[in-house]
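Trainee: Each protein sequence line maps, in turn, to chains A and B. Residue numbering for the first sequence follows the working numbering, starting at 5 and increasing by one per position. Residue numbering for the second sequence follows the working numbering, starting at 43 and increasing by one per position.
Treat the hints as calculated values from the structure; they're not laboratory data. Just to be clear, a hint being listed does not mean it is correct.
List of simulated lysine-lysine pairs, BS3-like, C-alpha gap at most 30 angstroms [said to hold, decoys possible]:
no., chain 1, residue 1, chain 2, residue 2
1, B, 317, A, 55
2, B, 50, B, 118
3, B, 260, A, 125
4, B, 278, B, 304
5, A, 92, A, 42
6, B, 118, A, 43
7, A, 125, B, 317
According to the in silico footprint, chain B covers these stretches of chain A (three or more CB under 8 angstroms from chain B) [what the hints assert, rightly or not]:
no., stretch
8, 18 to 26
9, 53 to 59
Yeah, the Cβ is synthetic: ideal placement off N, Cα and C, and Gly gets one too.
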Amino acid sequence: MSNFIATVSQIDNCDSLHIIKFDFHGHTLSMMSLEIDKKIVIGTRVKLMIKPSHIAIAKDFIGEVSYSNQLNATILSIENGQLLSSIKLESFDTVLESIITCNSSQRMNLQVGDKVTAFIKANEVSIGEIIDD
Amino acid sequence: MIKIDIHKKIYGSHGEMDLDFNLEIKKGDFIALTGESGSGKTTLLRILAGLEDASGTIQVGDEVWLDKSKFISPQKRRIGFVFQDYALFPNMTVLDNLLYVQKNKKLANYLLEITELNELQHRLPTSLSGGQKQRVSLCRAMMNRPQLLLMDEPLSALDPNMRTKLQNEILTLHKEFGTTTIIVSHDPSEIYRLSTRVVVLHLGEIINDGTPKDVLLKTTGSQKFSFEGELLDIIKVDVIYIAIISIGQQLVEVVISHNEAKNLQVGQSVSVSTKAFSPIIHTLS
Numbered sequence: 005m006s007n008f009i010a011t012v013s014q015i016d017n018c019d020s021l022h023i024i025k026f027d028f029h030g031h032t033l034s035m036m037s038l039e040i041d042k043k044i045v046i047g048t049r050v051k052l053m054i055k056p057s058h059i060a061i062a063k064d065f066i067g068e069v070s071y072s073n074q075l076n077a078t079i080l081s082i083e084n085g086q087l088l089s090s091i092k093l094e095s096f097d098t099v100l101e102s103i104i105t106c107n108s109s110q111r112m113n114l115q116v117g118d119k120v121t122a123f124i125k126a127n128e129v130s131i132g133e134i135i136d137d
Numbered sequence: 043m044i045k046i047d048i049h050k051k052i053y054g055s056h057g058e059m060d061l062d063f064n065l066e067i068k069k070g071d072f073i074a075l076t077g078e079s080g081s082g083k084t085t086l087l088r089i090l091a092g093l094e095d096a097s098g099t100i101q102v103g104d105e106v107w108l109d110k111s112k113f114i115s116p117q118k119r120r121i122g123f124v125f126q127d128y129a130l131f132p133n134m135t136v137l138d139n140l141l142y143v144q145k146n147k148k149l150a151n152y153l154l155e156i157t158e159l160n161e162l163q164h165r166l167p168t169s170l171s172g173g174q175k176q177r178v179s180l181c182r183a184m185m186n187r188p189q190l191l192l193m194d195e196p197l198s199a200l201d202p203n204m205r206t207k208l209q210n211e212i213l214t215l216h217k218e219f220g221t222t223t224i225i226v227s228h229d230p231s232e233i234y235r236l237s238t239r240v241v242v243l244h245l246g247e248i249i250n251d252g253t254p255k256d257v258l259l260k261t262t263g264s265q266k267f268s269f270e271g272e273l274l275d276i277i278k279v280d281v282i283y284i285a286i287i288s289i290g291q292q293l294v295e296v297v298i299s300h301n302e303a304k305n306l307q308v309g310q311s312v313s314v315s316t317k318a319f320s321p322i323i324h325t326l327s
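Could you build all of it, start to finish, from the sequences and the hints given here?
Mentor: Written as structure tokens, this is what we have:
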């Protein structure tokens, strides 16, 4: 599991459907959600959660892509299994894990230290807990 | 090897039906027998124990317990039987309940030690908790070193903690005594923890037979996280739809597209599934 600590910066809704934006070190992250906890308002600090299998990695990326969340990151480690690679990424103070196929990892020639972009769809982001300061 | 091939007309909750059961069990196997009530599970155990008659054959190792010309009495079959309601002799102490089966004090003490009942050996069953009573009943069932241990929903009256503890003791005794065990159970976690093979009975017939994972894991194609429920409502929000589904005692919401919504009707039984990669697990305090 990858966890981010972020601060709610904007809440838009259409009936029970919500798009919540967060500030993460000056970057904006988006989350798609149905009803949200009433305690979540602008300024609330939360722990966001993303499953490692839902984080995609791009290298030397040019062009537009629909992923709402695009974070610059550096590869900290690569653990190759028979079929899958577990890749640890560092973005600001946060370590993310991405699980991709070994084929993809090899095709992209991913190496420790590479500058990459982590792509996460807004519907794959969820709020794990509200942090009370 | 235990070979069972028996037939009997029985009267279940669905009226008259034929119990038709043919199974070969390897020595040392731990079989979970499951299926809806009235499917013949208890009757089958009683037939194996010799408490009920049936036509067909039962062969345990080299011994024939039942065939056309033979019926070995329950006392002469080396079986242990654990009932849901304990069935202890109320006027005998814990120790005497065990010694009634076999005058073997060494074995009785050994069993009481494994199940941590040593201190209670001179108590009467009425002064024991449900979990303690069922342990006594389990010890008593092991007293004649059974070739076949039969258990009819032995833990269903106990709270979850006690159930887990007794499951471990049952497994220990099963392995220690090298017995072959058949347990009737409806509890998937119990079946998964204990058994090596699951046999599902429906209206007197075997409808499924396999490893616990193969039989219990509900899947829809490649989706390993699957539940069945009833579609209660479909609500349009923006360009998407939200399906409200009751599963067990809970409601869940699933986001669907217009095309998916078109093919669904409120009131339908549905399965809700996702791939094993998606769910997030939280511990409950």
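Trainee: Run through the hints listed earlier and report the numbers of any the structure violates, in increasing order.
Mentor: 5 and 6
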